[in-house]
Structures are given as structure tokens and as C-alpha cells.
Amino acid sequence: MMKLKKGKLLIDQHNKDYLYGGKFGGNYVPETLKKPIEDLANLFEKLRRDKKFLNERDYYFKNYVGVPTPFFKLKNLTKHLGGAQIWCKQVSKANGGAHKIYNATVHALIALKAKKRFIIGDTGAGYAGKMLSMAAKKFGLKCKIFMGTKDIVRQAVNCRAMRKNGAEVVPVDSGSKTLVDAVSECMRYWVSNCDTTHMCVGSTVGPNIFIKICAWSTAQISRELMVQVKKEFGRVPKKLKLINCVGGGSSAMGFWNEFIGYDRNQVELIGVEAGGPKNSKRHAAPLTNGAKIGVLHGALQYVIQDAEGQIEETESISAGLDYPGVSPLHCLLKDSKRARYTSATDEESLEALKLISKLEKGKIRPSLEPAHAFSEAIKIAPKLSKDTIICVDSCGDQKKDKQIIKERLGHNL
Amino acid sequence: MRLSNIASTFKKCRQEHRPALLTYTVSGDPNKKKSFEILKAISSHADICEIGVGHNCNTGDGKQIQNSTYRAIKNGIKIKDTFAIVKKFKKTKNAKPCILMGYYNSVVQYGENRFVRKCKQVGVDGLIIVDLPWPENRNFSKKCKKNSINFIQLLSPTTSRTRMKKIIKDSHDMIYYISMLSTTGGKLKVSPEKILENYNKIKKINKSKNLVIGFGITIKTISSLKKADGLVVGSALCNEISKSIKNRQNSVTNVSNMVKNIRAKLS
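Taken in sequence, the protein lines are chains A and B. Per numbering that gives the first Met the number 0, residue 0 is the first one in the first sequence, and the count goes up by one each step. Per numbering that gives the first Met the number 0, residue 0 is the first one in the second sequence, and the count goes up by one each step.
Please keep in mind that the hints were generated in silico from the structure rather than gathered at the bench. Honestly, I wouldn't trust all of these hints.
[Said to hold, decoys possible] Straight-line C-alpha distance at most 25 Å; calculated DMTMM-like pairs for lysine to aspartate or glutamate: (1) 188(B) with 38(A); (2) 22(A) with 111(B); (3) 186(B) with 194(A); (4) 33(B) with 307(A); (5) 77(B) with 305(A); (6) 117(B) with 307(A); (7) 87(B) with 307(A); (8) 73(B) with 311(A); (9) 77(B) with 312(A); (10) 291(A) with 80(B); (11) 168(B) with 37(A); (12) 31(B) with 307(A); (13) 31(B) with 305(A); (14) 188(B) with 194(A); (15) 165(B) with 37(A); (16) 149(A) with 312(A); (17) 34(A) with 169(B); (18) 73(B) with 312(A); (19) 22(A) with 169(B); (20) 206(B) with 172(B); (21) 34(A) with 196(B); (22) 200(B) with 194(A); (23) 226(B) with 172(B); (24) 73(B) with 172(A); (25) 193(B) with 38(A); (26) 86(B) with 307(A); (27) 200(B) with 37(A); (28) 2(A) with 135(B); (29) 31(B) with 311(A); (30) 188(B) with 167(A); (31) 62(B) with 167(A); (32) 32(B) with 305(A); (33) 73(B) with 305(A); (34) 242(B) with 172(A).
These numbers come from a predicted model, not from an experiment.
Full structure from sequences and hints, please.
Printed below as a string of C-alpha cells:
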């Protein structure tokens, strides 16, 4: 079994070939990108040790992102389920409405240090794109966002926001017309323009440096959570479960980072992937459904593919989780058994939203992505003791999904 | 030591005072049968044939090769079919050295050792794996060499001189220089003089390596780069197949004529 190294950040637990556990990650990119990736890696290693840069990051996290985000108990849901206590880390309160703002802000700051005036990024649910367009506007960078045409339609709200922020939304019409093709097209653009342009990968996927920057940025979530949990309970509770949805895996990495070193009997990490429509073979859950290891977007990972290695189409009600691969960091956490992965179907996620809307109205309005995590919490809470603390990362706001929810349920929530 | 088919092809072209012409078409495009016929027809005019093993996350490729790839996959091309096409092609009268060009995941899923063995068995002369750069390709390129298959290293305008030296040291008979910062098939945005200047810098590091230039080369631009050891034309051919289909014309004749005309520019 794969083992995690004690006392070392997960993002730094790779070997000299940038492989985690000897088999996940790496830099499988065309030759042209080797140099820009190396330059970016060198710059980031310097910046993350630079006190001035850290102060700058913290300044913008505090005054622009708006940290810390709230942490509170969902009393009605807890009472209704009659088991474990359910708590919520409302990351969707961050500026822009989702966790993607951490990575976007850090990338914009890095682009400035690298003296690049142009910034590009991919997006699925549209949050990564929206936040990057916000950060670009804030820091005076010209921004292009690559987005699948299927997602442009279903996440029109975020798409409008990007354009309003002055970003150009580049429609991607190839393949499945979703996130996977948006990432491919973004990388293609970078190959052609890497001399003037900084690339931001929207999640903890891609060549190693992008995984590192993203997880390092979202780690802010668990730094806050650690303080909030200790303040609330006096210490890290004896039975704590941290539940997070997993698409590429950036919010889960941020939510778990500070807690990875704890024994799994004390702090259980549960990742919930997109199971897709009920009774359908299609899904976006490579970890849950035993996908094989393959190369996608520059990194070895569990990825949904056919016997020939062609990447297969995925399906999920949630555009943000609709991705065939998953972060090499999550592959490492799975194979080392530090985290447990499961999936929730489209229908289960909608049911979870209905229940939350009924019981916690006015308190939280999670998007379809965290709805997957809430679904798992609702499933397991009744079977657990009252001193068990379940904390769910409500990483995205529901506003962008209003139309989909109305179509599926026949009414607004 | 006996020269490899690839090395002796370059030698022959050098004696004829012209660069080698390398073509690239996607295996199975527009379908299995036609892609074999195209290969057979163009090999009367080309010196080395690159055959694309299509992958649907081809991040190094522009629109033209993407279109060819999606068409081939849609029409059911499998890796075993590509090997069958190479095997059949190598038995034809005008067969030229064959280079398979593709993405690493196809090799990973087939199994590295099995892939190399199969290449040797059907007569593949060389391999280009777009997303397996140096040093990630060190082990795999050794395996290729052991099986008398050329692993072709790529160099780009972003490759530093120190890195170039290391890559060239680990290279076999042929090296591929990417003309500009672009995916395949982009418009040539760098002057031919600048490309040849970079080309000469690389040649100076090791004169004995056969260095070809690719990306953005069309019938219009190819004459200006004649000083190179070899020139690759790919996207232009893929685009010709797409155009032929759109205009309901014979893609085999059209592509073959195009290669013939390109070849005439090099004499």
C-alpha cells in the first residue's frame, strides 16, 4: 500500500519525476511547454518562501476574497436526521460565490510577478472562469476563458459574469463540449502563446506546478477551519468527518489539507464524486468506479477511458464535477487509504438540495456540486452517534444552477 | 554498423542535394481502407511517412489534425488496425520508412513493452510521442533503441541550449525541430530566416543528427526552408482530406497530387 510521508505537505510528496506515490502526476507535456512550466515552478518555489509575497496573498485573501468564511451548525438538518451533528463550512460566502477565487487570486498575483499581461483559464461550472475574470479585472490583466459550448448554455449566469468582467469567453465545440475539452483547448492556446501569457488551470489537475499552486491556494479553507473547529470544540473532535465533492478536486484538497496528518479514525476524509444520472452507465466518478490509470492533461491519474486509452465522455448534472479525470493528489489519498471516495447520483443530489431548502432555508443555498457532498452526509448521519461531527464544505452558491434545478424539479427552491 | 532505414533515407536525399519530405496523415482518416490507400499513393513522392495514432485529447494539435483524428476515431480506428495498416504498407512496392506519431496514453494503455515489440514486428521505423518529453522519455527511448526503433526527440524555440545538448545526446538518428510556438497547423508566424537560424544553432551542436523542421509548413512556405535535412507536412494534408470530403472529391487523388506538388518544390 502507498504510504503518506509524515510532516510534509501533500503537494510536496512527489519524487524527482514529480510523481506522487511513484505513479500519479508528472509533466507529460509537449516540449514547447517544458520551459514555461519550469519557469513557473521556479517562480512559485521562490514566492511561496517569500514573506512579502505571503503578506500580499493574505492581504488580498482578507480584503478581497473575504476570509474567513463562516462555519456553523445546521441545527434543523441535524435534528431531522437524528444522528451525527452536521456542520457547514460556507465557502460559497467567499467573493464571487465559490472556492475558485483562492486559486484565481494567487494566479493573478503570480502572473504579475512573472510580468505577463495576459491570463487564460478553463472552466466547467463557470466559477473558475468567473473568478479568474474577476481577479484579472482587479489586477489589470487581459483575460480569456475557455469553456465548452454545452457548459456555456447550462451555466449561462456565470458566463454573463465573465463577459461583464471584460473577459473573452472562447467557446470550445470539440469532443464532449464540456470541461475536459475546455482544458485541452486552453493548453493548446498556451502552447502557442506561452511567451506572453500566463495559464491558470482551474483545479488541482494538469502538469505538477498547476496542481501545486491550486492546492496551495485553496489550503486557506482548512487553515480557517482548523481555527474555527478548535474554537468551537476546544480541540479537533474525536470523531470528525470532512465531506467534500470531488471533480478535479481543488475544494476538497483545500478543505482537507490541514487535517491529512490526523489519524483516519479521528478525522475521516470523504470525497463524493458525480455518479451521473440514475440507471445510466455514464458518470464522472473515476475513483469510485475503479477507472484505470492513464495520462490526461499532462498527468498520470485515474481517468475514465476505453481500452485504447481514448478519454470517454462523462455525464453529470453538475458541470463542475463533469470531468473524466481527478487530481493525482486524490489518487494518492485513495491508494494510501487516507481518504474514502464514493459517489452520489444526479437524483440524490437534487433530493439533498430539496431537503436542505426545506430545513435550512435562509441559511445556506449550495450549488449542485456541494449537493453531492450533502447527499452523502444525509445518507450516513442517521447511523452515526450524536458526538460525531460531520462537516460539509458548501463550496459553491446555488445561483448559477437556478435554471437547471427549476427544469428538473419543476419549481424553484 | 548498418544504417537504419531512416538514416539511409536522409543520406540518399543529401546525395540528391534536397531535404527529405516527411508526410503526416492520421491512421484511419477518413476510414481504414482509404487511409491505407492515401499512404500508398503519397509514398511515391514522400521520403518518410509519419502515421498519426489519433487520440481524443491531443493537446499539441490544431484544428486540421483534430478534425482528422475525430473522423478516424468515429470511423472505428483501433491501434491494432494501425499496426495492420503499417504491416500491409511495408509490403507494398514503394514503401517508405514509417514513423508512428501519437500520445503517451495510447502507449500506456497498450503497454510500453508490448507496444514496442509490436512496432518492431510490423516494421515501424520510428516513434514520436508528443507528450513524452525528455527526461520523461529516457526509459522508453532506451527500449525503442534496443528494438532498433528510432525514438524521435523534439526540440522547440523554448528549449534552452543546455537542455538541447542533453536531449541531442539522448537522441537517435533523427530530431524534430518545432518551427514556432504553436500547435500543429498554425500559420507560420516566424520568418523562415529566423527558423533556419535556430536550425543552424541546433545543427552546430551535433552535425551528424538528421534534423527536420515541422509545424506550419505548406506548399507556399516549404521552398524557403529547403536547407533543412528534412521537412514535415501534416496539417495541410489533413486539411486536404477534409476539403475533399466536403467537396465530394477523391481524397486519395487530391492528397497524392498535393504531395507530388510539394515534392516538386524541393527538387
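### Message
Check the structure against each numbered hint from earlier and tell me which ones fail, lowest number first.
### Response
Of the numbered hints, all hold.
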